[in-house]
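K.L.:
So the chains spell out like this:
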Amino acid sequence: MRTEPAVLRQRAADGRAGAKARGQWAQEVLALARRWWIELLRERLNLVLSVAQPAIWLVFFGAGVERAIDAEVIGTDDYVGFMLAGIVTFTIVGNGVSGAMPLLWDKETGYLDRLMSMPIARSSVIVSRFVFQVAQQSAQILLVVLVALLLGVRIATGPLGLLVILVAAALLTMSVTAAFSALAYAVPQHGTFFAIAGFVSLPLLFMSNAFVPLDAMPGWMAAVARLNPLTYAIEAMRTLVIDGWTSSIVWSLAVLALAAALCLAAGVQQFRKQTGERVQG
Amino acid sequence: MGAVIEAVGLRKVFGDHVAVEGLDLGVERGEVFGLLGPNGAGKTTTIRMLTTLLAPSAGTARVCGFDVSTRPDEVRRRIGYVMQTVAYRGLLTGRECVEIEASLYHVPRREVRRRAAEALDAVGLLPHADRRWTTYSGGMKKRLDLACGLLHSPEVLVLDEPSLGLDVQSRHNVWEYVRDRCARGATILLATNYLDEADRLCDRVAIIDHGRVVTEGSPAELKRSVSADVVQVTCGEPERLRRSIAREPWVRDIVAGDSGGLHVYVEDAAVALPAVMRLGLEQGIELERVTYSQPSLDDVFLLHTGRELREAEVAS
Chain Z
2 MRTEPAVLRQ RAADGRAGAK ARGQWAQEVL ALARRWWIEL LRERLNLVLS
52 VAQPAIWLVF FGAGVERAID AEVIGTDDYV GFMLAGIVTF TIVGNGVSGA
102 MPLLWDKETG YLDRLMSMPI ARSSVIVSRF VFQVAQQSAQ ILLVVLVALL
152 LGVRIATGPL GLLVILVAAA LLTMSVTAAF SALAYAVPQH GTFFAIAGFV
202 SLPLLFMSNA FVPLDAMPGW MAAVARLNPL TYAIEAMRTL VIDGWTSSIV
252 WSLAVLALAA ALCLAAGVQQ FRKQTGERVQ G
Chain Y
-13 MGAVIEAVGL RKVFGDHVAV EGLDLGVERG EVFGLLGPNG AGKTTTIRML
37 TTLLAPSAGT ARVCGFDVST RPDEVRRRIG YVMQTVAYRG LLTGRECVEI
87 EASLYHVPRR EVRRRAAEAL DAVGLLPHAD RRWTTYSGGM KKRLDLACGL
137 LHSPEVLVLD EPSLGLDVQS RHNVWEYVRD RCARGATILL ATNYLDEADR
187 LCDRVAIIDH GRVVTEGSPA ELKRSVSADV VQVTCGEPER LRRSIAREPW
237 VRDIVAGDSG GLHVYVEDAA VALPAVMRLG LEQGIELERV TYSQPSLDDV
287 FLLHTGRELR EAEVAS
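In order, the protein sequence lines correspond to chains Z and Y. If you want this note's numbering, it's the 1-based position in the first sequence plus 1. Residue 41 in this note's numbering sits at position 55 of the second sequence; the count goes up by one each step and never skips.
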């Protein structure tokens, strides 16, 4: 079958327009990420505290609680190894809340209006935040893993497994960042945001396998935890640390990817809504 | 080429409050067009609809030929928007703010540095470019916003109360900027509640009150349409004076100002002044003060709305 030259030319033009749009989108995301990056570097104390926090948690939590834990229940005598995934996830949730804050300030100080009057894709603000969060968080995870190694933990799947841990963390980060961004855009003002974020964060962790395996939970709680994306991230990471390569990891990552897509869609939708209706004279 | 900004029956309702009520607007290419009205008249809401930040409840608006509701991206590419309040930009320096926004306007990567420096230079901020923007004075912060409005050489600049709260020097900087941009071919839409700003800067002005265009024209036309002169009389019994001069042939209109005085619109103050004084004397009304002036845009506003612009602002 022959294709008409005009059609081919049109396709080539569409292709060029598409490539240009992608290039512009990448430029927007990088420009916004640069903004977050500069701010982070100028808030050194914040930087140091946030990077060190998960490692400190692991040390104190690991050292303090280990003796109170029944190795039968958690299925391993490596409690620090067991907790590693929980601490990483805990960090991701905390980052999700603090990561949505700049968006909240932009909205309240009016800079969001300035951004929205620009010809930028609506997704680039959230995605830039996500790119930035993943970078910051990967540094945190590498540090906490280093501390775990010093405490005698051995990652069953080795360096490649560590890479997959970072991927699982990134997927969960996308869900959590997008969800808290959506919340930041949806609330009338920042007090509501902090009230809801504070209310949700800890139950989100308790209603997962962060501290207790699903098998050890009452049935109803395990059922709730199964609906929680945190559970899948923890399962994947914990398996990589303690058990080694299994097919369940692929399943967990697939669920995480789906959750990330859903949350991102919700975030972008809330962002769009902000464009359409803002009651402010 | 028709109007660069064209609004027909534009309307915005927030709950049960009608902020903009069927507004029609036509801004021609290359002109400085002013939206003049008190706070709460619907200027900012109108601007937010024209800059695609707010979806109109009814009516249509086109900017550079593109509908703001259906082709917002094309509109955004062509406008520079400087908000009423200075945008908060965190811990960045002036240069960083401008460079990041240049990238957001898709200035080619290799040109970002140069274009940002040019924009900073255009508003006189280049010497202060590497300071944190939070250390800037109010006027400098405004100039930073103005610089950011230039980065993509927009066809249309939309300025919402650009000189609000600025000192005299900074106001003059803003005016200079507007004239310069206009000379380079940009079309400028400017919201203001300063009469002198509208008068000196704008080629045409739409006076807005309660979400509607009350009247529209060049400042000179608008003032001429009021009358040639205004005689202002302050006296003890304004109502009695009003009745006694209302039928006189030299009176075009009389409006009571909010401060109790009468604004008598006349063709020729040279005729009207002695007549007012003679009639006052005949009726035994004590005149405290009689002055005359050329009509201002405030008179235009007063004539069309029955309120003075300054008073309307306090009331709303």
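What the hints contain is simulated information worked out from the structure, not anything from laboratory work. There could be a bad hint or two in this list.
[Claimed, not checked] Only part of the chain Z face toward chain Y is listed, based on derived beta-carbon distances under 7 Å:
| hint | residue |
| --- | --- |
| 1 | E40 |
| 2 | R68 |
| 3 | D71 |
| 4 | P120 |
Cβ atoms here follow ideal geometry from the backbone N, Cα and C, with glycine treated the same way.
K.L.:
Next, verify each hint and record whether it holds.
P.N.:
Quick rundown of the hints versus the structure:
no. : hint : verdict
1   : E40  : holds, 5 Å
2   : R68  : violated, 45 Å
3   : D71  : violated, 48 Å
4   : P120 : holds, 4 Å
In the structure shown, a violation is registered for the earlier hints numbered 2 and 3, in ascending order.
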